[in-house]
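K.L.:
Top line first, the protein sequences correspond to chains A and B. Residue numbers for the first sequence follow my numbering, beginning at 1 and rising by one. Residue numbers for the second sequence follow my numbering, beginning at 645 and rising by one.
Any given hint might turn out to be false.
[Unchecked claim] Derived lysine to aspartate or glutamate pairs resembling EDC-like cross-links, with alpha carbons at most 16 Å apart:
no., chain 1, residue 1, chain 2, residue 2
1, B, Lys980, A, Glu630
2, A, Lys589, A, Glu630
3, B, Lys1256, B, Glu1188
4, A, Lys336, B, Asp686
5, A, Lys112, B, Asp969
6, A, Lys336, B, Asp751
7, B, Lys785, B, Asp761
8, B, Lys966, A, Asp117
[Stated by the list, open to error] Label-pair ranges, simulated between beta-carbon atoms:
no., chain 1, residue 1, chain 2, residue 2, range
9, A, Asn76, B, Thr646, 29 to 39 Å
10, A, Tyr598, B, Thr1248, 40 to 50 Å
11, B, Met1218, A, Thr327, 41 to 51 Å
12, B, Glu663, A, Asn76, 22 to 32 Å
13, B, Val714, A, Glu53, 29 to 39 Å
14, A, Gly27, B, Val714, 57 to 67 Å
15, A, Met610, B, Glu1206, 24 to 34 Å
16, B, Thr1248, A, Glu630, 20 to 30 Å
17, B, Gly804, A, Asp399, 26 to 36 Å
18, A, Asp177, B, Met645, 23 to 33 Å
19, B, Arg866, A, Asp177, 49 to 59 Å
20, B, Glu663, A, Asp399, 28 to 38 Å
21, B, Lys756, A, Leu368, 38 to 48 Å
22, B, Thr646, A, His632, 37 to 47 Å
Read the hints as simulated data drawn from the structure, not as lab findings. All residues carry an ideal CB built from backbone N, CA and C; glycine is no exception.
Protein chains: 2
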Amino acid sequence: MTRERIVIQNIEPQLQNGEFFIKRVVGELIEVTADVLGDGHDVLQAEICYNWEHSKNWETIRLTPLENDVYTGVFNVENQGFYDYKISGWIDHALNWQHGIEAKLKDGQYVKSELLDGIQYIKAIEKQLDKEGKKYLKNAKEAFADEARYDEAIAIAQSGDLHQIFLDNPTRKFAKDSKVLQVYVDRKKAGFSTWYEFFPRSASEVPGKHGTFKDCERLLPRVAAMGFDTLYFPPIHPIGEVNRKGKNNAVNAAEGDSGVPWGIGSKFGGHKAIHPELGSEKDFKHLIKKADAMGIEIAMDLAFQAAPDHPYLKQHPSWFKKRPDGTMQYAENPPKKYQDIVNFNWESDDYKDLWKELLSVAFHWIDLGINIFRVDNPHTKPFYFWNWFISEIKKKHPDVLFLAEAFSRPKVMQQLGKEGYSQSYTYFTWRTSKHELTQYMTELTQTKQKEYYRPNFWPNTPDINPYHLQGANEAQHLIRYALAATMSSNIGLYGPVYEFMVSEAVPGKEEYYNSEKYQVQHWDWNTDNKLIRVITKINAIRKEQAALQQTNNIRFCEIGNEGLIAYYKWNQDMTNELLIVASLDPYYKQSGRVRLPYELMRHTPGAHIMVKDLITDSTYHWNEEWNYIELHPSLPFHIFQIFR
Amino acid sequence: MTRERIVIQNIEPQLQNGEFFIKRVVGELIEVTADVLGDGHDVLQAEICYNWEHSKNWETIRLTPLENDVYTGVFNVENQGFYDYKISGWIDHALNWQHGIEAKLKDGQYVKSELLDGIQYIKAIEKQLDKEGKKYLKNAKEAFADEARYDEAIAIAQSGDLHQIFLDNPTRKFAKDSKVLQVYVDRKKAGFSTWYEFFPRSASEVPGKHGTFKDCERLLPRVAAMGFDTLYFPPIHPIGEVNRKGKNNAVNAAEGDSGVPWGIGSKFGGHKAIHPELGSEKDFKHLIKKADAMGIEIAMDLAFQAAPDHPYLKQHPSWFKKRPDGTMQYAENPPKKYQDIVNFNWESDDYKDLWKELLSVAFHWIDLGINIFRVDNPHTKPFYFWNWFISEIKKKHPDVLFLAEAFSRPKVMQQLGKEGYSQSYTYFTWRTSKHELTQYMTELTQTKQKEYYRPNFWPNTPDINPYHLQGANEAQHLIRYALAATMSSNIGLYGPVYEFMVSEAVPGKEEYYNSEKYQVQHWDWNTDNKLIRVITKINAIRKEQAALQQTNNIRFCEIGNEGLIAYYKWNQDMTNELLIVASLDPYYKQSGRVRLPYELMRHTPGAHIMVKDLITDSTYHWNEEWNYIELHPSLPFHIFQIFR
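Bound-form chain A, shown alone (with noise of 0.2 Å):
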């Protein structure tokens, strides 16, 4: 039994009605919508707290009523962590005696009785006022009561000024608050970087040495020009000797191969050792420093499964599941077997130790001063584990990131994202015709994918060697690239290959020939080309765009070509617009005309509009809706920004 009378029902934005919370970057601000409902028509009022980080007072912000008892209003995530959310109605009295009495007059009738009735309203609040308050409130009630002063007092009783003070204070009587939900505030880096990938042991100068960290950090400047800001590493760990893979995948490495490094640990150790031919661990922070200074994050990889020679088989045999002849279990895909690699029993009885181990090699880095780990093959641990794991973490260390490598089930990798992952891999690499773009960027960023599925985009990876990259022109790298970089805000590209266009694959698959996953690999650093120079455009663009900083603002536009595809992006406050084309042929002219979504842009038809190519400075000045456009090979999209 209750004297509340409201009921708040559907809060947008939230997750599965607060089982998990929804995902923000620091700065952004929240739209919340709510149904509040009373019985009856007295005027009621809502608004929104939050609170961030249970500190002791809730922060409040008046709703707005829209149709349909649809309540609207903003707040704004200015720290990191959780933000508790909710919203709290209740019937205002006050207002409504003030609602009532102004219909009344309204309608021609004598509201004496109902001036007696309001002076109630002012005694429940005006000991809140200040002096000038309780003065007003006073000559107020004294009004009410005195049917000689009727003129005066319902002149008050309508007055803006009395309106005013009871919005200001409200009695909140029987108010009824909602559900708390939650959202998760990252740092900015969350939703806007700009990944480079390569394997440290390519990085010597010297045909056929294995790289160090010192090699690493003579690229700095190399990654740090063309704009990356994240640099991420494959496993840095000592590769296992034990059933250890050759080149190219082969089952039993020759002598002086140099090992899959996601096949952790050795006789050197395990995933808090460094392989010793990279350098040591004073030579590892040297590094983080130095690209720190350039304002690159290196982003370590975390590979949760062990070599069968990782130092944990023999301290820690319960981790492990044993075949019936007492050996240890290697890794099976039935009918596959990967007997270089002994994954943990996550049904240990064991299993909080190794829980807890498993935290202390992410705290081992984060002492060391990593913040982001990519995470290999997430969705082969349990869920819960990952959920547990990411909040220790986050609790000490809210800087932390962790991207979750995992090309599984949609729903097994929205899971993740569920769980805790601050970004996730996605099918982009997969996804070519203007058809699959459309619908999948449209799943990203309209459906509740958007609250917690941060995209990041790798046109490649060391795992992915996608078929139409493979033998692909330098037209096709540039749409590749240029299609991921102004669709999603996060975006990692692996190089060297990628941009010295090296895309030999092992016939059939999608895999690289001759892969650096299996083996080291000589590049000479020195090399220039357009591809290059464009990525380095484009990522210079995106520092410079805001609108390039978000992924969930993007809306297509009609564009009649197939081969061609246009969106429109903004920011918040509308000061940055951006129109991307681009045409999705690598051997052939492309053209038609592209619609301005003036709907969006909230434009005038007929005004002037200014459309300036970011990367060759070319504008162009469009008074029509329809816009013809044409792209070539040799640069085959337009970055456009808009003027008015």
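Got chain A sorted already, so can you dock chain B onto it with the hints?
P.N.:
Below, chain B without anything else, positioned relative to chain A:
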């Protein structure tokens, strides 16, 4: 920390993550779907668990995987009351082992070690099996352990027998249960009912005489013959005499005016009393019994408000608001005043006593034999009150049904459904065009509303004489009743004005002139006409055709004329299929071609179909997808039964 590895998401049907229960009627099937996710590639199993009224044991039904990690299963609700249901899922290690060994054998691998490994899964369940099962498993274990019996062992390992044993005897290790959801199961009448409303005081055969319950008894055969199963009376309580309203809503009653039945309470008593002119409590009980014998339930009106002379005002002054001069505050919706009505103050300090008293009102009539209440203006009483009130009654009397009379804002009406109302009034009364009807039916039956909002379609009520019925001809009355009765399984008619086509209105308003709300009427109840005969026929068809006994099974069909509307209805096992085609034009012939929904009918194009008009018994033979229809105002609709 946990060793659970299953995540269960997105269970359907459910309402707001289980915040409210969903609704069904006895005998319905509930088709459940859920996303069930595990990490990695292990075989998983899931089941729906359900449980009637907290009985000790959960029933379980194994789910079937669809695509994209969705699992599905069906359970049947056979009893009235609450069912809990939830999804349980687990990695099934035994089935996973069997799946692995099969894949390896197909790949030509030698599986000696895997056979030994399998012994543990047999040991884990062998105790649960009967003698024969134990014998089978003992042999299997021995074969698995004996290299000399390898061929036999791999045959057993891959056998359907062993598969079935594993399926039937899951160990459910680390099983994960979803949140428990609830469905409330009503008796069938909640889903299929045909209401008739008349004013008992207008039931007399003698002009000018106040009708009595005895007069009502005399009319029961007419109601039954017309095919109505629920007879709803406006309030039968003593009518207030203070500030009583006169004919046609005159502010002051003239001498002898009967007043408004919703102005409840006088010196003769309140909500538990009977208006003296109608008869005694004994008469009322007799009427209920007589009706019951003819298959008619009497539905009472619950109007929780008081006339100024209701005994409550003296007995419980704290339940009402006082004006500053000490008088009771009558009802208002400024600037409108309702001096003949005093509302309860739901914020009274005494509110708990008020709630209990109102509950006792319902129990009073339930004890007399009433099982259906039509609740007047429920949207002006707190939502939380209704939730409590309905649940308290349903706990003791699950047969009792509640119809919410709320023509309010859409979300307010929906909320009353969520809080527990069995049926609800709708906007059908004002939906007349094909677009409006299609859009509204789609909203009711294809959105979440289908889980909790059971529509009851009324072409008219004493409060609403809609513009399209004012002065309308027979065809229009036929159309509106046929639409209501074939779209919605719950319907109601306010008579005899409807079937007598008495539709004079207060000019410019949707109100009846000389409304029975304000005065006693005299009717010639023996009148016969075509409209009555068609209504009777439609009601008989509703009783025969299962497809008309549920509302959500409706899909609109293409028909090339805005003046015609067509829809397909079917029952769960497809043994009953109907095609309804109605004209929306009461004056002119309308014709067009209707498309049979072959995809819903799972029909082979070209196969022969016979349709039979259930009103006229005419039959038509159709071999095409599109078929010609011609409707005349004389009988402006077809209810076709489809025969294959």
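K.L.:
Each hint needs a verdict: does it hold in this structure or not?
P.N.:
Hints, one by one, checked against the model:
no.: 1; hint: B:Lys980 - A:Glu630; verdict: violated (66 Å)
no.: 2; hint: A:Lys589 - A:Glu630; verdict: holds (7 Å)
no.: 3; hint: B:Lys1256 - B:Glu1188; verdict: holds (14 Å)
no.: 4; hint: A:Lys336 - B:Asp686; verdict: holds (14 Å)
no.: 5; hint: A:Lys112 - B:Asp969; verdict: holds (10 Å)
no.: 6; hint: A:Lys336 - B:Asp751; verdict: holds (9 Å)
no.: 7; hint: B:Lys785 - B:Asp761; verdict: holds (10 Å)
no.: 8; hint: B:Lys966 - A:Asp117; verdict: holds (10 Å)
no.: 9; hint: A:Asn76 - B:Thr646: 29 to 39 Å; verdict: holds (36 Å)
no.: 10; hint: A:Tyr598 - B:Thr1248: 40 to 50 Å; verdict: holds (48 Å)
no.: 11; hint: B:Met1218 - A:Thr327: 41 to 51 Å; verdict: violated (57 Å)
no.: 12; hint: B:Glu663 - A:Asn76: 22 to 32 Å; verdict: holds (29 Å)
no.: 13; hint: B:Val714 - A:Glu53: 29 to 39 Å; verdict: holds (37 Å)
no.: 14; hint: A:Gly27 - B:Val714: 57 to 67 Å; verdict: violated (38 Å)
no.: 15; hint: A:Met610 - B:Glu1206: 24 to 34 Å; verdict: violated (46 Å)
no.: 16; hint: B:Thr1248 - A:Glu630: 20 to 30 Å; verdict: violated (51 Å)
no.: 17; hint: B:Gly804 - A:Asp399: 26 to 36 Å; verdict: violated (55 Å)
no.: 18; hint: A:Asp177 - B:Met645: 23 to 33 Å; verdict: holds (32 Å)
no.: 19; hint: B:Arg866 - A:Asp177: 49 to 59 Å; verdict: holds (54 Å)
no.: 20; hint: B:Glu663 - A:Asp399: 28 to 38 Å; verdict: holds (36 Å)
no.: 21; hint: B:Lys756 - A:Leu368: 38 to 48 Å; verdict: holds (47 Å)
no.: 22; hint: B:Thr646 - A:His632: 37 to 47 Å; verdict: violated (57 Å)
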